[in-house]
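Participant: These are the residues of each chain, in order.
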Amino acid sequence: MESADISALWVTLRLALTTSLILLLLGTPLAWWLVQTRSRLKTAVEALVALPLVLPPTVLGFYLLIALAPDGIIGGMTTHGLAFSFTGLVIGSALYSLPFVVQPLQNAFCSINPLNLEAASTLRASPLDRFFSIVLPLSRPGFITAATLGFAHTVGEFGVVLMIGGNIPGETQVLSIAIYDHVEALEYAQAHWLSGGLLLFSFIILFLVYRQNNRWSHP
Amino acid sequence: MSGIEFSFELERDGFQLNAKARLPGMGITALFGASGSGKTSLLRCIAGLERAGMGRLTVNGECWQDSAKGLFIPPHQRALGYVFQEAALFPHLRVRANLEYGWRRTPKAERKGNLNHICDILGIGGLLQRYPQQLSGGERQRIALGRALLNNPRLLLMDEPMAALDRPRKAEIMPYLERLHTEADIPILYVTHDLEELARIADHLALVEKGRILKQGPLAEMFANIDLPIARDEDAGAIIKTQVTGHDDGYHLTHLHFCGGEILVSRIERAVGEPLNIRIHARDVSLALQPPGESSILNVVQAVVTEMLEQGAGRIMVRLDAGGTPLLARITHKSQSRLGLERGTPVYAQIKSVAVSI
Chain A
59 MESADISALW VTLRLALTTS LILLLLGTPL AWWLVQTRSR LKTAVEALVA LPLVLPPTVL
119 GFYLLIALAP DGIIGGMTTH GLAFSFTGLV IGSALYSLPF VVQPLQNAFC SINPLNLEAA
179 STLRASPLDR FFSIVLPLSR PGFITAATLG FAHTVGEFGV VLMIGGNIPG ETQVLSIAIY
239 DHVEALEYAQ AHWLSGGLLL FSFIILFLVY RQNNRWSHP
Chain B
11 MSGIEFSFEL ERDGFQLNAK ARLPGMGITA LFGASGSGKT SLLRCIAGLE RAGMGRLTVN
71 GECWQDSAKG LFIPPHQRAL GYVFQEAALF PHLRVRANLE YGWRRTPKAE RKGNLNHICD
131 ILGIGGLLQR YPQQLSGGER QRIALGRALL NNPRLLLMDE PMAALDRPRK AEIMPYLERL
191 HTEADIPILY VTHDLEELAR IADHLALVEK GRILKQGPLA EMFANIDLPI ARDEDAGAII
251 KTQVTGHDDG YHLTHLHFCG GEILVSRIER AVGEPLNIRI HARDVSLALQ PPGESSILNV
311 VQAVVTEMLE QGAGRIMVRL DAGGTPLLAR ITHKSQSRLG LERGTPVYAQ IKSVAVSI
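If you read the protein sequences in the order shown, they are chains A and B. Per this note's numbering, residue 59 is the first one in the first sequence, and the count goes up by one each step. Per this note's numbering, residue 11 is the first one in the second sequence, and the count goes up by one each step.
Only chain B is shown next, with the shape it has when bound in the complex:
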């Protein structure tokens, strides 16, 4: 049976974890929530680093814990990879020995990845002879990821692997994480409290709140749901599946097609016909009742208002439907009254900028 199915009840220092869900058995699932919501505790329970009094865990058909039967497989016997917030590299070992630590302990028959390949993917081939103290934060985190992958895991757990990094370091790691998406054929659980980050790498999203799984679903669906707490985030917005339909070399633009129309973005190196996910922040979408006249904004999409939600401070989140594709727009209360927006109002959505992800 495919999927990661768990139910944990854990009480620690006044905090209660009571999480139960069945997450996809492949792809990257982001566990998103505020700090203190229990994301890390949940991940630690799944790894077996924390032993929940009442716990059950099955990973793609393999039972790792069932307190009812007294079954608890200790972490070192679970084929998993764990990337901690801080890289937690062994300071007395060189990078190569760090990378090979789990590999050497994997039974020969189960060894899949190989050192050279992982080094290529992560761009760490030149660091093998160094000690962890001689590496930058970003390099360390890449080694930690490589070490986890070389452990031949059947489940990869990542606990805010970029939380301790500054912006440039994050930007340095991001492409590797995106590549992981296509390279890794195992399920990945990725803990984060950064919406931007997960929008770029995750396929599936589970919201964690007060030690529970509040809701989960495919990324685009979750992002378009304005009733969820993530719709209140500054970075809220829709994720849209598009296809590259052509390039305009003269203007340095790329044409993307989606169900609701066409969108132009700055030239990207993707072949015609390739699928591409883009993200349109709600703050970057403005609404008009008439087709806008002369304007510098390239992207205007016809849509219909399907839902509106007051978010306080005079702000309103509007969910639009553009030919079957959901779009989000954050406007002011005043604009809503002025335009007389209500359910079913046809509008022109002007898109100020588009973030290209994955």
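Here chain A stands alone, though its shape is the one from the complex:
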């Protein structure tokens, strides 16, 4: 493997890890709110969260490019803007992978019997205590699914990164784009290595997730 490919791999892993961590932190309260709320905003928020599932990545990437530019809404808050930076990539990936984290969490929270929470509340557990002692452990499979899907989906991302990441080796060049470059340059051998690797990686991750979940649902 060339050193450029290794740094692309490194950037990809760093990006996927950072993104899934951030998404778990933000997605958990968001998913809990979606399950608990009776607000009329719920439907709108659900639709917003699901948007990246149907939008072409280029659309999301285009608007992000504008927002992250030095004079954009988000970029304007920094000195040089966030486009073509690792931070910009993280923001883009987080938005793009949001439904892959929020939806499994929402499903997991939804499937918790409300009676368990009521029972806990009659046993001196405050709302926060109930969340940590009942909701979290009961949605462990949901969390594992959410984390792996968020991670894997970020690894597999292409369109958004292409639009806002530039293609700076060691900074914003990720695996999917490195593959694209190899193919453009007719370097099929390298393209094979990287593509095959990603294929195998994705399969193994999904296989592990499904195996875990099947174990939990049939103890």
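To be clear, the hints were calculated from the coordinates, so they are not data collected in a lab. Owing to the predicted nature of the structure, the values given are computational and were not obtained by experimental measurement. The beta carbon of each residue, even a glycine, is placed where N, CA and C say it ideally should be. Do not take every clue at face value.
Unchecked claim - In silico SDA-like pairs for lysine to any residue, Cα to Cα no more than 20 Å straight-line:
1) K118/B / S184/A
2) K251/B / G37/B
3) K118/B / V117/A
4) K30/B / H86/B
5) K30/B / T68/B
6) K225/B / G13/B
Unchecked claim - Far from chain B by the CB rule (all over 12 Å, computed), these chain A residues:
7) L88
8) I170
9) S260
With chain A held as given, fit chain B onto it using these hints.
Facilitator: Same frame as chain A, now just chain B:
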């Protein structure tokens, strides 16, 4: 001030709860009513699981809710125990952790019961390492009861804890509930629509109908009141306080004495002098004007007709007075005419069977 005093006004999906009462601050009070009468809603209001728009609740002097003052103590800050219809055990925790859930969250100074003692009372010591999925329905309900008791409650609420159980499972739990009666020193509100069940464990009875408390009173008094809807139940009957006066080992019988006479029941393991409540179903009492001659029926009590109420379908409920103790008999309209029964008629009540409770 002792007692559970409440007044709740709650409207939910076309149902109206408008309950107001002051219930005893100790012993077991049964909340009895048909399904949909609002018993469960009332219990949930008392627990704070349901927040009534207008509500006031004081439990033995401690105010838990007063909407006039904007006071509402959330459920997790009320020292209560709640046993749901389904056990609602936490599936991810072993039995021991389930039992200790409320205990761990109780301030040390307020911890009273202890795990071993509760396990002994409920016979669950051998289940501590199991998960709820590995338990039978009856076991689960016993754990749920233990978990509620270990929460060091000042009020125990039980919502038809046996409704989801079949007959054998009920029979398995009943003795534990009866024991609760003597062991627990806190008031217990017990929701049920099973007259048999409450006759065995309750001291006090509150009738719930259409979201209101229709009437309440000591169990025996309520059971002897033939104007109440419970007198129409198949299982209607009187509850009588007796005292064990002796055993007849040859015939395997126990003598019980009450104000109106003596009653013989199958030998029970109670010491002479011990008090014992028995229940005599109205359907098991027949009436005669003369002392019955040769008969297999052992128990015949002299009484006077005090009240009669037509119950439809040719049936009449008769209230008798046997030396100050009320008895109920359900007879046919035809029998009443034939015997010419009216208020004040002296009769011989023949008791076909006696249910021994508590």
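Participant: With reference to the structure, classify each hint as holding or not holding.
Facilitator: Comparing the hints with the structure gives:
1. K118/B / S184/A: Cα-Cα ~17 Å, so holds.
2. K251/B / G37/B: 17 Å, holds
3. K118/B / V117/A: 59 Å, violated
4. K30/B / H86/B: 24 Å, violated
5. K30/B / T68/B: 12 Å, holds
6. K225/B / G13/B: 16 Å, holds
7. L88: Given that every Cβ of chain B is farther than 12 Å from that of L88/A, nearest at about 23 Å, it holds.
8. I170: 10 Å, violated
9. S260: Holds, because the least Cβ-Cβ distance between S260/A and chain B comes to about 30 Å, which exceeds 12 Å.
Against the hints set out earlier in the document, violations occur for numbers 3, 4 and 8.
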